[in-house]
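J.: Residue numbers (my numbering), protein chains in the order written: chain P, 1 to 225; chain Y, 1 to 225; chain B, 1 to 225; chain D, 1 to 225; chain X, 1 to 225; chain F, 1 to 225.
If you're looking for bench data, these hints aren't it; they were derived computationally from the structure.
Misleading hints may appear alongside valid ones.
With a straight-line Cα cutoff of 30 Å, these simulated BS3-like cross-link-like pairs (lysine-lysine) come out [stated by the list, open to error]:
no. : chain 1 : residue 1 : chain 2 : residue 2
1   : F       : Lys34     : D       : Lys91
2   : D       : Lys169    : B       : Lys91
3   : B       : Lys91     : X       : Lys107
Here are the chains, one letter per residue:
Protein chains: 6
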Amino acid sequence: MQNKIVVVKLTGKIFDEKELIGKYVELFEKLTNKYHLVVVTGGGKKAREYIEIARNLGVSSNYWLDLIGIMASRLNAYLLISKLYPKAYYKPVENLEELHNAVLSNKIVFVGGLIPGQSTAAVAVEVSEALSVNKLIMVSAVDHVYERDPMKYANAKKYTEIEASKLKKIIEQQILPGEYALIDVKALDLAIRSKITIYITYYREPENILKILNGENPGTIIYPR
Amino acid sequence: MQNKIVVVKLTGKIFDEKELIGKYVELFEKLTNKYHLVVVTGGGKKAREYIEIARNLGVSSNYWLDLIGIMASRLNAYLLISKLYPKAYYKPVENLEELHNAVLSNKIVFVGGLIPGQSTAAVAVEVSEALSVNKLIMVSAVDHVYERDPMKYANAKKYTEIEASKLKKIIEQQILPGEYALIDVKALDLAIRSKITIYITYYREPENILKILNGENPGTIIYPR
Amino acid sequence: MQNKIVVVKLTGKIFDEKELIGKYVELFEKLTNKYHLVVVTGGGKKAREYIEIARNLGVSSNYWLDLIGIMASRLNAYLLISKLYPKAYYKPVENLEELHNAVLSNKIVFVGGLIPGQSTAAVAVEVSEALSVNKLIMVSAVDHVYERDPMKYANAKKYTEIEASKLKKIIEQQILPGEYALIDVKALDLAIRSKITIYITYYREPENILKILNGENPGTIIYPR
Amino acid sequence: MQNKIVVVKLTGKIFDEKELIGKYVELFEKLTNKYHLVVVTGGGKKAREYIEIARNLGVSSNYWLDLIGIMASRLNAYLLISKLYPKAYYKPVENLEELHNAVLSNKIVFVGGLIPGQSTAAVAVEVSEALSVNKLIMVSAVDHVYERDPMKYANAKKYTEIEASKLKKIIEQQILPGEYALIDVKALDLAIRSKITIYITYYREPENILKILNGENPGTIIYPR
Amino acid sequence: MQNKIVVVKLTGKIFDEKELIGKYVELFEKLTNKYHLVVVTGGGKKAREYIEIARNLGVSSNYWLDLIGIMASRLNAYLLISKLYPKAYYKPVENLEELHNAVLSNKIVFVGGLIPGQSTAAVAVEVSEALSVNKLIMVSAVDHVYERDPMKYANAKKYTEIEASKLKKIIEQQILPGEYALIDVKALDLAIRSKITIYITYYREPENILKILNGENPGTIIYPR
Amino acid sequence: MQNKIVVVKLTGKIFDEKELIGKYVELFEKLTNKYHLVVVTGGGKKAREYIEIARNLGVSSNYWLDLIGIMASRLNAYLLISKLYPKAYYKPVENLEELHNAVLSNKIVFVGGLIPGQSTAAVAVEVSEALSVNKLIMVSAVDHVYERDPMKYANAKKYTEIEASKLKKIIEQQILPGEYALIDVKALDLAIRSKITIYITYYREPENILKILNGENPGTIIYPR
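Please put together the full structure from these sequences, using the hints given.
T.: Following this line, the structure appears as structure tokens:
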């Protein structure tokens with residue numbers, strides 16, 4: 001009997017804080033008895049450092065800069081795999097075919113970036129779609145979806161739920177600065193077309209994942225319509 | 001000495017008309033002496049028929065429906081390969097790594113769809129980006145970019161050139177109906193970020209490709225800004 | 001505990017009739033609880049259409065024409081996979097090594113053509129041999145083995161059982177016209193050498209598969225001697 | 001400018017006689033300047049020894065016995081590669097897709113067995129078909145095609161040329177004992193359908209390959225009709 | 001519930017004696033119910049014969065000579081697989097990634113050589129390290145570790161246990177002649193760094209494997225310090 | 001006509017100093033016209049940081065820690081590839097088979113670590129052996145081979161040439177502390193067996209590579225005996 005698949009996307013920020021990684025590892029170890037986890041890892045600070053070195057060398061191609069970011073996100077995945085093996089599948093998945101194969105193992109499956117020109121948020125929605133999963137937990141650098149950058153606007157409106165199409169419009173109007181961006185239009189479009197509900201939760205609160213699995217809403221729910 | 005890479009995207013419609021396929025094959029055979037061709041093939045009518053059969057079976061997952069469309073676009077690629085081999089690389093490329101490898105052969109390289117959730121138009125821009133090519137020829141079902149559907153509005157404004165960001169807005173406002181859509185936002189975003197100029201040309205006029213290579217503009221130029 | 005492997009070969013004709021595909025899908029869904037199904041899919045009308053397009057382009061190489069037919073048979077496999085996933089292995093198997101790997105998943109495994117110059121009937125026998133299976137169900141365009149083409153000779157002798165070596169001679173004497181041919185010498189030779197009994201059954205009667213599994217003989221049994 | 005492809009099939013017997021291997025290596029080194037060689041290697045005595053060990057262990061599956069023979073034929077290929085590298089492609093080709101890829105290297109390409117249930121003679125014809133080559137040199141244990149086994153019948157009729165369809169009939173009538181069989185029906189069928197002329201030559205006379213390339217006929221020509 | 005992984009290394013000598021192979025096969029069939037076996041196969045006499053042929057051809061590169069030995073060790077693995085399938089994974093593992101994948105099957109996994117310049121003894125330790133196994137059974141041509149070659153020195157000191165670092169020194173001082181060498185420095189270094197205890201046992205006594213699994217010491221224990 | 005292969009091993013330290021990377025890139029771009037470069041990249045500071053994170057998570061397996069280091073060394077390779085593409089092969093080579101394939105492209109080929117339990121110095125010797133190259137340039141953190149750590153012993157004896165077997169003894173006697181170690185016994189053993197001369201040169205002086213190619217000796221020559 002296979003456990004139910006749960007897709008979790010981890011912001012790369014987690015890999016910048018050693019204690020946090022440990023907490024997520026513990027959580028995954030606990031959850032793996034009840035759920036079949038598929039975890040998408042972002043890049044974080046080290047990814048940006050590598051990209052910065054390439055830029056300094058004179059690399060301007062977005063393809064190659066993205067590829068370096070993807071490789072760094074996979075290295076983050078390896079960090080978690082190295083600790084969770086043999087409960088984790090032995091390598092980060094590199095494309096959707098490999099995803100289907102890895103999932104057959106019933107192990108925790110890790111996925112980094114997949115393809116240049118695509119955010120790891122979009123990867124996470126794509127992974128959910130490929131596996132016919134309709135709930136996606138996005139562990140993010142922000143605790144909620146806001147109408148504006150909460151760092152700049154103290155009274156920015158905070159959403160506990162929002163429709164994907166509305167969030168799309170907010171993003172398209174570029175009200176949100178790049179650094180704040182927690183999700184992109186591509187990811188939202190895929191979520192809408194495949195009716196995937198997204199749960200945004202704050203990365204410093206790993207236990208929120210449990211809450212979401214128990215039906216609570218500690219952050220923002222993005223409805224696929 | 002390697003020839004200059006030229007990326008061409010073929011609408012699937014070409015594969016619905018036997019004489020047209022033959023003309024494009026002839027053209028590619030001629031061009032291959034001067035240019036290193038990379039050709040992205042769309043799906044066309046047969047792709048839609050296969051997808052329709054799957055839908056009739058009760059398949060609702062966009063992932064699987066897209067995948068079937070991708071496989072059909074690769075079968076289209078095989079048609080051209082079977083005729084052009086050994087001037088063509090022996091199989092359709094299935095991801096960007098394989099693209100880099102295939103290009104080393106100096107043969108005509110064919111690419112079908114790559115990944116569910118992505119149009120073959122976006123594939124063509126991605127391929128251009130991966131190969132650092134800044135001009136992309138899109139052989140389309142329409143002869144130009146119009147402000148509205150020319151089938152419905154006889155006096156729809158016709159563009160001989162347009163900025164990608166402007167076209168993006170037209171698309172986002174959904175003025176263009178789905179069937180007419182010749183390009184999507186994702187493709188335009190990639191084109192802008194990587195400064196790829198797109199040449200739209202009518203699929204019933206294969207010789208337009210030569211004109212574009214000679215600096216003429218028989219259709220619409222989409223500037224990456 | 002693994003279920004017993006059952007190899008079924010489906011004539012491509014099934015894919016030309018939408019309701020039939022649905023019935024086979026239903027049947028496979030039901031059988032998968034008791035049997036480990038390995039299903040070989042033929043090409044059918046669409047395969048011939050693609051091959052025809054290639055021929056029109058001037059392709060005369062049997063290698064490439066066969067390869068296009070193989071790709072079309074794999075697209076047929078994808079139709080069934082898209083409906084049966086996750087009960088089906090996620091892709092059509094492309095060679096015998098991949099077959100062994102796919103079978104480890106305990107999912108329904110689909111196989112299209114494998115290699116130019118070989119019928120899907122021969123593929124089905126090869127698959128049976130590779131998996132040490134000694135019974136093969138061939139869902140065919142004809143309901144029985146006949147001594148001559150039953151379409152032309154109303155009183156053609158109908159076999160309910162026949163020895164493979166005898167059928168081989170009938171085929172070698174070319175009494176059977178190409179279109180009628182339900183099996184070829186290569187397939188029979190493999191069946192004989194590996195003692196695989198073949199059950200011919202009519203494609204319009206999916207329930208015959210159940211009958212055969214229950215020990216009945218609704219068509220023709222070809223004994224491997 | 002690529003050299004013309006020449007396909008040569010080597011009987012496994014060559015690998016049983018050390019000096020002979022050396023002579024063929026020398027020949028290939030010389031020929032590689034003018035021709036693009038693709039060489040199919042048979043199994044020979046060691047292959048039979050390995051198969052014998054498996055049989056002694058109780059293995060009766062033809063699939064596995066053939067697979068062991070294939071692996072041994074690839075080891076023979078490695079012997080030649082180890083000596084000819086870097087003039088040879090770095091590994092034996094394992095399927096027809098890999099063949100197309102290997103041929104792009106312009107190196108001498110070696111192929112062992114490909115798939116259980118198929119002789120290396122059939123492999124050689126298949127390789128010729130895949131590469132659109134219409135002449136195939138088969139270096140054989142016998143110097144000519146005979147009507148009966150020349151070992152047993154001193155006055156057996158010797159052919160300097162024969163039609164494939166006629167040879168097929170001789171083989172089907174089982175006049176030729178297994179050990180003598182230099183080619184099988186499957187290989188002849190493929191040769192006929194793809195119009196491949198086969199040149200039989202004696203394995204103890206490596207220089208015959210040169211003669212055949214120069215238009216002479218030191219053995220038997222099998223015409224594809 | 002997965003069985004505990006046990007890594008066994010078989011000297012190639014086993015493959016030179018037909019009855020012995022059979023006994024090991026029987027043993028593995030019995031053990032597979034209680035243990036998850038991973039078996040590393042050496043090369044033996046046939047490997048040396050192949051290498052000898054290559055040398056006679058004039059091959060001096062250690063890379064290629066080793067590669068031929070590796071291929072022969074994989075053929076040995078195929079002998080065991082052909083008998084044990086489907087209880088055995090369907091092919092010899094060729095690198096450590098494939099090892100992790102094969103182990104997911106819960107079948108008996110066979111490994112031949114992995115990479116030129118590395119003994120199969122070192123492979124066995126590497127496999128143990130990759131799978132976090134801390135006991136390794138080495139079925140060897142000698143029954144114990146001796147201080148000198150017991151063939152030459154009748155009263156050579158025999159160890160029932162020894163520290164890896166001490167054995168390393170004995171080997172480095174070249175007291176042991178090449179033919180006698182049962183383990184190399186590289187393997188011992190890996191064993192020490194990953195705390196893997198090695199059990200040496202005589203290849204003519206297959207039942208010793210059972211003894212070791214039951215906590216006895218029929219040969220020499222090499223402690224990883 | 002192919003250029004002569006030159007194998008260069010880069011200490012990971014280069015990737016810790018941005019200007020240095022740029023200088024090596026420039027040098028490689030210049031050299032690629034005359035030489036066919038194969039470059040092995042070490043890990044450096046970032047590799048150690050990743051390994052440190054894993055250790056903090058509680059990972060003690062050397063296999064996994066090494067694997068993370070290997071992945072980091074490949075990321076370093078990607079930095080150089082992203083700048084040198086299309087003069088560089090499009091990805092770091094992951095095993096020796098892939099190396100042979102990559103070398104066929106005539107591009108600059110990059111290799112990171114290959115397998116846990118092996119230094120990138122040993123990788124570089126192995127790569128040289130696989131390609132039959134008998135000179136290897138090792139760009140190192142130290143400018144020469146010393147008898148003791150020059151940091152601690154101001155008057156440590158400096159070698160401008162040394163025999164591999166002598167250096168091996170120095171290393172085995174552990175006179176050299178870990179941090180100083182520029183090469184290991186495994187690498188020296190491989191160099192000796194395959195007669196590969198190693199040129200040690202200081203990483204802060206990229207132009208030394210040119211000197212070595214011109215027959216000078218700006219560091220230490222290690223002779224393979």
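J.: Which numbered hints are broken by the structure, listed smallest first?
T.: Hint 2 is the one this structure does not satisfy, whereas the remaining hints hold.
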